[in-house]
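Chains as they are written, first to last, in our numbering: chain A, 9 to 196; chain B, 238 to 727.
It is possible that part of the hints are untrue.
Unchecked claim - Calculated pairs, SDA-like style, for lysine to any residue (alpha carbon to alpha carbon, straight line, at most 25 Å):
| no. | chain 1 | residue 1 | chain 2 | residue 2 |
| --- | --- | --- | --- | --- |
| 1 | A | K54 | A | L159 |
| 2 | B | K565 | A | T81 |
| 3 | A | K135 | A | L65 |
| 4 | A | K177 | A | N118 |
| 5 | B | K521 | B | D539 |
| 6 | B | K623 | A | P78 |
| 7 | A | K132 | A | N151 |
| 8 | B | K378 | A | P78 |
| 9 | B | K359 | A | P78 |
| 10 | B | K339 | B | D400 |
| 11 | A | K192 | B | K623 |
| 12 | A | K192 | A | G60 |
| 13 | A | K77 | B | T561 |
| 14 | A | K188 | B | N302 |
| 15 | A | K11 | B | D400 |
| 16 | B | K316 | B | K339 |
| 17 | A | K166 | B | Q558 |
| 18 | A | K135 | B | K409 |
| 19 | B | K284 | A | P141 |
| 20 | B | K616 | A | T81 |
| 21 | B | K510 | B | A523 |
| 22 | A | K135 | B | K565 |
| 23 | B | K616 | B | D598 |
| 24 | A | K179 | A | N45 |
| 25 | B | K521 | B | S509 |
| 26 | A | K77 | B | F568 |
| 27 | A | K192 | B | N302 |
| 28 | A | K135 | B | T559 |
| 29 | A | K192 | B | K521 |
| 30 | A | K77 | B | D318 |
| 31 | A | K192 | B | P574 |
| 32 | A | K166 | B | I569 |
| 33 | A | K166 | B | P574 |
| 34 | B | K316 | A | T81 |
| 35 | A | K179 | A | N67 |
| 36 | B | K409 | B | M446 |
| 37 | B | K505 | B | I515 |
| 38 | A | K177 | A | T81 |
Since the hints were made in silico from the structure, they are not lab data. Please read all numbers here as calculations on a predicted model, not as lab measurements.
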Amino acid sequence: MKKILFLIFLAFSVTGCVSVNPYVLNKAQTSLDLTNNRGVALFTMKVDSVGGTRLSLLNFIAREVNQYKPYNTLGMFSLPFLAENYSATDNLYFCSAVLTSGIYRLDSFNGMVNIFFGMPHALKADKIFDIYPNKINYFGRLNFGNFNTQLGFTTLIKVEDAADQDILKFKEIFPVLKDKQISKDSFY
Amino acid sequence: MEKIIKIMSFKITKLTAIILAISLITVPVFAAPTDNSTSDEIKYSPKNLQDKDAMQAEMDFYSGNDREAELIFTGLIGKKDHDIALWNNQLGSVYLTQGKLKEAKDAFMESYILMNDISAFKNLELRSVGLLSSEMTKGYKGDPYEKVFNSFYVGMLLYADNDLENALAAFKNGILCDSDVTGKLYKSDVALMYLMATRLELMQKNQSMADDFFKQATEAFYLSHPDNRLLVSQKQGFLDDLEKKQKELLEKEAKANIKLEKVITALKAEISKLEADIKSTEEKIAENNRKIPIDTLKDFIDPNDNTLICIETGRGPLKYQTGTYGEKTIFIIKPYPAVSFSITIDNFTQIKAGAFLNHNDVFYQASTRGGRVMDSMLKGKAEFKKTTQDVSNILSTASQIYDPYGVFALLSFASGAVSNATNPYADARHWSLLPAELQIISLRLNPGAHQLQINAYDATGKTIESSKISVEITNTPNNVIFKRFRGVES
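With these hints in hand, go ahead and build the complete structure from the sequences.
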């Protein structure tokens with residue numbers, strides 16, 4: 009059965025049916041593939057815990073914004089959080105997304121408040137960002153303040169420019185970025 | 238059973254291997270080019286390009302790769318599809334940025350003809366209002382603000398070509414397109430168009446027409462000035478309310494009976510209050526107008542000047558779909574940090590911020606166009622999609638409780654299918670390579686070659702972009718120079 013599945017996967021890959029999917033950076037990564045007009049978005053996110061309640065983030069959602077494609081065919085990408093994305097010393101999440109060049113909407117960060125009872129919680133960002141071919145851009149620090157335990161979501165307070173500190177830390181967490189040029193861009 | 242599974246798995250493996258082998262053999266055979274065209278010609282040929290490739294061209298343009306953007310838009314124009322006016326506008330912007338004025342004029346002119354032709358793509362327009370059709374299937378003709386800026390570029394480039402009659406016609410067309418918006422106060426508020434019309438009338442010695450246009454330019458400038466925008470928006474809101482209340486009052490008075498007397502009295506009171514609010518807002522606007530300097534308008538039409546330098550900044554408004562079914566569209570703008578400019582001519586004369594005609598804000602024009610008839614159609618389609626989906630869900634639940642003949646299940650399926658096929662998605666196509674703002678200065682330069690250094694400054698006065706260009710000023714009164722600043726990515 010495994011052989012069959014492998015062959016089917018291989019057939020699809022060879023005939024080009026597997027599209028180029030977005031991915032996130034990880035600390036073990038040694039090379040950065042920016043072929044096929046891909047670029048990288050880097051940004052940090054800050055959300056403060058309330059009392060003893062902690063928010064465990066699972067993923068963030070990026071939606072494609074493309075006037076040239078029918079609305080029902082626009083991509084919606086769920087990008088996972090890895091252990092290395094959170095820095096306890098800074099109380100910051102270091103987020104990355106490798107996407108095909110284009111315009112995207114950072115929709116929300118999703119997670120659970122109180123894992124045992126599994127109450128879903130979303131941090132609503134609703135910010136647009138651009139991905140340029142073969143470029144790595146830092147977009148800023150999204151600050152959500154204290155997350156709202158009464159509602160199922162928390163709204164964004166502000167976006168700060170913390171490029172100097174954040175870019176250094178990104179290079180420290182993800183060695184693949186060490187020798188790469190990181191430019192500055194902004195959410196809108 | 239196990240034997241059957243084994244045989245099946247063997248057959249699937251065999252079939253997959255055959256498909257794989259065939260694909261490996263056939264793909265390279267069919268993909269091989271049959272002529273001697275270069276790889277670029279093949280890659281950017283109309284048959285190999287799809288609409289979605291335009292996004293790559295857009296990002297190429299905003300990252301400074303104009304060549305790639307030009308190739309893609311040229312290829313898309315070759316498809317001669319219902320978006321041809323959009324592709325031409327985008328390509329025109331690419332050419333303008335590259336300083337290819339003749340090519341830009343041809344591209345904008347192609348769009349101009351289609352965007353202003355009522356009969357163009359008529360059959361596609363009729364089809365797009367159907368429940369199952371998408372608004373995107375209709376031919377692109379642009380929003381009023383896009384028509385205004387297309388007319389502006391056509392006018393400017395014809396003016397540079399010394400075709401003054403046609404240039405004036407293009408500016409007048411732009412003024413007319415700007416009147417095609419819902420809010421009365423936002424009609425014809427692009428001062429730039431009136432100023433260009435004034436300039437042209439003066440060149441043709443039509444003083445009275447020039448005076449008329451200049452008067453309208455001043456009114457438009459006041460109306461769209463940032464200091465007045467909030468007040469104008471408030472006044473427009475009051476005017477809309479007043480119109481509604483007056484209509485309601487007329488209806489009630491027509492039915493006049495004792496029961497309605499209280500309602501009529503209340504309506505009259507509301508109308509009086511609205512009229513007072515409008516008067517008060519008008520007074521505030523008039524007070525602001527007294528403080529707004531209009532020297533730049535007078536300088537702009539100086540008949541002794543022979544050169545217009547047009548600085549295009551940032552990135553035009555982005556239009557995208559929102560709503561549960563993408564039935565609405567909104568505009569958003571990417572902030573561009575440059576707020577002022579300076580021009581140094583031949584390392585000697587420097588012209589600074591105050592002399593530029595500014596506040597020619599594309600986002601303001603895009604976001605004040607008001608609603609369209611199509612918006613309510615899309616709203617209706619979205620409601621139909623939701624209702625049919627709800628009906629499908631209810632029938633599906635009912636079929637699970639009691640449905641011995643499968644009627645509910647069948648109806649649920651049918652309703653779900655209709656819901657899925659309904660197409661309420663709004664059309665988000667827009668001219669995305671437009672700049673966010675235009676700043677223009679009118680100058681007198683001696684004929685001959687000149688070196689211009691243009692600096693862009695942020696709000697703190699820091700230089701954020703700088704560009705040196707060589708220009709050749711001819712011995713004519715209508716030299717035009719375009720310079721685009723695209724922000725951090727250029």
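Status of each hint after checking the structure:
| no. | hint | result |
| --- | --- | --- |
| 1 | K54/A / L159/A | holds (18 Å) |
| 2 | K565/B / T81/A | holds (16 Å) |
| 3 | K135/A / L65/A | holds (18 Å) |
| 4 | K177/A / N118/A | holds (23 Å) |
| 5 | K521/B / D539/B | violated (31 Å) |
| 6 | K623/B / P78/A | holds (19 Å) |
| 7 | K132/A / N151/A | holds (11 Å) |
| 8 | K378/B / P78/A | holds (18 Å) |
| 9 | K359/B / P78/A | holds (21 Å) |
| 10 | K339/B / D400/B | holds (13 Å) |
| 11 | K192/A / K623/B | violated (42 Å) |
| 12 | K192/A / G60/A | violated (36 Å) |
| 13 | K77/A / T561/B | holds (17 Å) |
| 14 | K188/A / N302/B | holds (20 Å) |
| 15 | K11/A / D400/B | violated (72 Å) |
| 16 | K316/B / K339/B | holds (22 Å) |
| 17 | K166/A / Q558/B | holds (24 Å) |
| 18 | K135/A / K409/B | violated (38 Å) |
| 19 | K284/B / P141/A | holds (23 Å) |
| 20 | K616/B / T81/A | holds (20 Å) |
| 21 | K510/B / A523/B | holds (20 Å) |
| 22 | K135/A / K565/B | holds (17 Å) |
| 23 | K616/B / D598/B | violated (29 Å) |
| 24 | K179/A / N45/A | holds (22 Å) |
| 25 | K521/B / S509/B | holds (19 Å) |
| 26 | K77/A / F568/B | holds (17 Å) |
| 27 | K192/A / N302/B | holds (18 Å) |
| 28 | K135/A / T559/B | holds (13 Å) |
| 29 | K192/A / K521/B | violated (41 Å) |
| 30 | K77/A / D318/B | holds (15 Å) |
| 31 | K192/A / P574/B | holds (13 Å) |
| 32 | K166/A / I569/B | holds (17 Å) |
| 33 | K166/A / P574/B | holds (18 Å) |
| 34 | K316/B / T81/A | holds (22 Å) |
| 35 | K179/A / N67/A | holds (21 Å) |
| 36 | K409/B / M446/B | holds (12 Å) |
| 37 | K505/B / I515/B | holds (15 Å) |
| 38 | K177/A / T81/A | violated (36 Å) |
In the structure shown, a violation is registered for the earlier hints numbered 5, 11, 12, 15, 18, 23, 29, 38, in ascending order.
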